[in-house]
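Trainee: Chains as they are written, first to last, in this note's numbering: chain S, 1 to 351; chain L, 352 to 667.
Treat the hints loosely; a few may be bogus.
To be verified - Facing chain S, according to a computed beta carbon distance under 7 Å, are these residues of chain L, among others: (1) 389; (2) 391; (3) 393; (4) 397; (5) 398; (6) 400; (7) 401; (8) 402; (9) 404; (10) 433; (11) 436; (12) 440; (13) 497.
Claimed, not checked - Covered stretches of chain S, as calculated for chain L (at least 3 residues, CB under 8 Å): (14) 104 to 113; (15) 128 to 138; (16) 162 to 173; (17) 326 to 338.
Hints listed in this document are in silico derivations from the structure and should not be mistaken for laboratory results. Note that CB positions come from ideal geometry on N, CA and C, so glycine has one too.
Here's the letter readout for the chains.
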Amino acid sequence: MSTPGQASPAETLGSGGAAAVDPPEARTLLRGMCLIRAFESRVKQLSDLGELTAATHLSIGHEATIVGACRPLSPSDYVTGSHRSHGHLIAKGSPIGPLMAELFGRDNGVCSGMGGSMHLADTSVGCLGESAIVGGSVPIAVGAAFSAVYRDSGQVALAFFGDGAIGEGVVHESLNYAAVWKLPVIFLCENNGYLVSVRTTDVVAAKHLADFGRPYGIPAVTVDGQDVIAVRDAVQRAVERARDDGGPTFIEALTYRFEEHAYGLASPDYRSAEEVEHWRTTRDPITLFRAYCAERGLLTNAEADEIARDCERQVDEAVVFAGAGQDPSMETARFAMFAPASWPPGGRRAT
Amino acid sequence: MEQDPSVFLFGEDLRANVFGTSPGFAARFGDMRVRDIPLSEAGAVGLAVGAAMTGLRPILDLTISSFLYCAADQLISHLAKARFVHGGQYVLPVVVRTACFYSGSNGAQHSDRPYPMFAGVPGLKIVVPSNALDAYLLLKASIEEDNPVLFFEDVTLRGVRGRVEVTDEDLASRATLGEAKVVEAGDDVLVIAIGGGVAIGRQVRELLAAEQVSVEVLDLRTVSPLDRDLICSEAARIGRVVVVDPAHEQCSVASEVAALLVEEIFDSLQAPVRRVCTPNIHPPFNRALERQLYPSRDGVLRAARSVLGSRSDREP
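Given only the sequences and the hints, what does the whole structure look like? Please build it.
Mentor: Written out as structure tokens, the structure reads:
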């Protein structure tokens, strides 16, 4: 059973003519996915315990899409994203201690406790900012891509957005800007099939969301978002085209959200328990990739287990780090409001 | 733009210089730095945010100020808040330049003066110059500013001649965003004005001078931040205040100034503060009717007489 409107999932990973995956690459991809899973699972746990009280939008189920999308990017390449944000930062290499601390609103958080779960950013790894306004960060990625061209820096920008964002006019404006100015930007749509409780196919006038790239002349492809290799390879091709002045690419990754829209949000029956169970048991991106690795002798089960345990340990440390933080001061809020007049031109910038 | 290669200009109808804001720029600065855009204002503001986050200093020209509404989400939730929600990780040197085309029989949708609306959004600096020299100095200061600036130009002032030769003294005194200026000194009535209201204040000053009433005119220059100190000190010294603001009266800049004075210097006021704004009626297309709405010399004169009326030595 697949989500309505989604293509049948590929039977095997990397079926789209995957580049070779060697053991170090397999470790990297698995570690990335496990770290997101461990982080998000801990967020669930901390929410259940009442320690985390604000809304969180978990990426459990989306790990292959996120890790596959970030793998071909350099640290200096730009990423923007959405309210479902944690994974984007983790996959781009942002240290998870300050990320966890931000979820607690602490002063040692990556945004000094000013942004929280939905507004993460870490310019040191090119993460310009997640936006909780659906589609809102997409033109920002286009602006960063323009900046890269302007400065002739060779950087690319990747905009993560969900299927819901395709209904926002600014996303279409962004596609048009990127196309007419031929900008090095990758539009990466995490299509999990639902806008909170509404089936994407019920409210979007296209069979595949990738179809929206085509009227703008943007090369567009739909890939299995549970297949980390397929996503990685599609993004790799897009990055190469972007760096080669070939302009933007639209990639639709078909994925699924294993949890509710926001963790703890009581949702009425908009999808069946069977559907969720089907995805969890047969389309879990980590399980699929582990099987792929075991089959090809890339990683033993024991090695994969050790990677997962190591990620758990990193998350333990992140929680300890977060616990050492304090409430930020009003002075921090004032600093965040406006750059001080003494701010040096060319001061701390994402470049 | 000559001094800093990271400054670029993009917006509507710039290469052909339709609205007079970019004469010869396309030829002078080239295709990369002077760009026309599709009519996608929200995308343009987002693009400016992304460019500013990554080291550029965009100037976005959105021509007519009601077009800002098309980009409201990007202006409010992104341009104004991005630095804040991300804990001050970057600077956002963005200037959005736009003009208030009122009093020209352009109909309600093209005639707004929406700077007070955006002044309700923390995180934006808002400039409304009243003369040619200030337009230059404040625009320069806005481009040099490391925070987002909305720069509103009052089109009733286009065609008004003013000094534009910039002296060394002008440059040395550098316009600072957030500093108001006493443009005409006086002692009996204080007219606090913004944009096109400043010229009206000056006219009223001349008229009342014949009656031995001395009017001081204070040009706000920036709406956000407001120069609270200068406003309060001059108002406390003079005690009789008229605030002139071409925006709609409700929640206008004049309202904010009046509230500030009531809170801070109530005991020094010798008469109620009077606002002269536009009543809460949309600008009609009909020219005669439209012109009745905006602050006028007669309206400000009436308000000035009203605040003077309660002065014991000037009973009518």
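Trainee: Does each hint hold? Answer for all of them.
Mentor: Hint check results:
For the restraint placing residue 389 (chain L) at the interface with chain S, the shortest Cβ-Cβ distance is roughly 6 Å, inside the 7 Å limit, so the hint holds. For residue 391 (chain L), the suggested interface contact is upheld, since its CB lies about 4 Å from the closest CB of chain S, less than 7 Å. Here the hint on residue 393 (chain L) is kept, as its CB sits about 4 Å from the closest CB of chain S, short of 7 Å. With a least beta-carbon distance of about 3 Å to chain S, the hint placing residue 397 (chain L) at the interface is held under the 7 Å criterion.
A least Cβ separation of about 4 Å between residue 398 (chain L) and chain S falls short of the 7 Å threshold, and the interface hint therefore holds. The interface hint given for residue 400 (chain L) is met, as the beta carbon of that residue sits about 5 Å from the closest beta carbon of chain S, less than 7 Å. Taking 7 Å as the C-beta contact cut-off toward chain S, the hint placing residue 401 (chain L) at the interface holds, the least distance being around 2 Å. Evaluation of the residue 402 (chain L) hint against chain S yields a held restraint, the C-beta minimum of about 4 Å falling below 7 Å.
With its C-beta approaching chain S no nearer than about 5 Å, residue 404 (chain L) sits inside the 7 Å limit, and its interface hint holds. Restraint check, residue 433 (chain L) versus chain S: the minimum CB separation of about 6 Å is within 7 Å; hint holds. The criterion of a C-beta within 7 Å of any C-beta in chain S is met by residue 436 (chain L), whose closest approach is roughly 4 Å, and the hint holds. At its closest, the beta carbon of residue 440 (chain L) sits 5 Å from a beta carbon of chain S; the interface hint therefore holds under the 7 Å criterion.
With 7 Å as the threshold, the beta carbon of residue 497 (chain L) comes within range of chain S, its nearest partner Cβ sitting at about 4 Å, so the hint holds. Counting residues of the segment 104 to 113 of chain S whose beta carbon lies closer than 8 Å to any beta carbon of chain L gives 5, which meets the minimum of three for the stated coverage. For a cut-off of 8 Å, the count of residues in the segment 128 to 138 of chain S with a CB near a CB of chain L stands at 7, and the three-residue condition holds. Beta-carbon proximity to chain L at under 8 Å applies to 3 residues in the segment 162 to 173 of chain S; the threshold of 3 is reached and the given coverage holds.
Evaluation of the coverage hint for the segment 326 to 338 of chain S: fulfilled, as 6 residues show C-beta separations to chain L shorter than 8 Å, against a requirement of three.
When each numbered hint is compared with the structure, no violation occurs for any of them.
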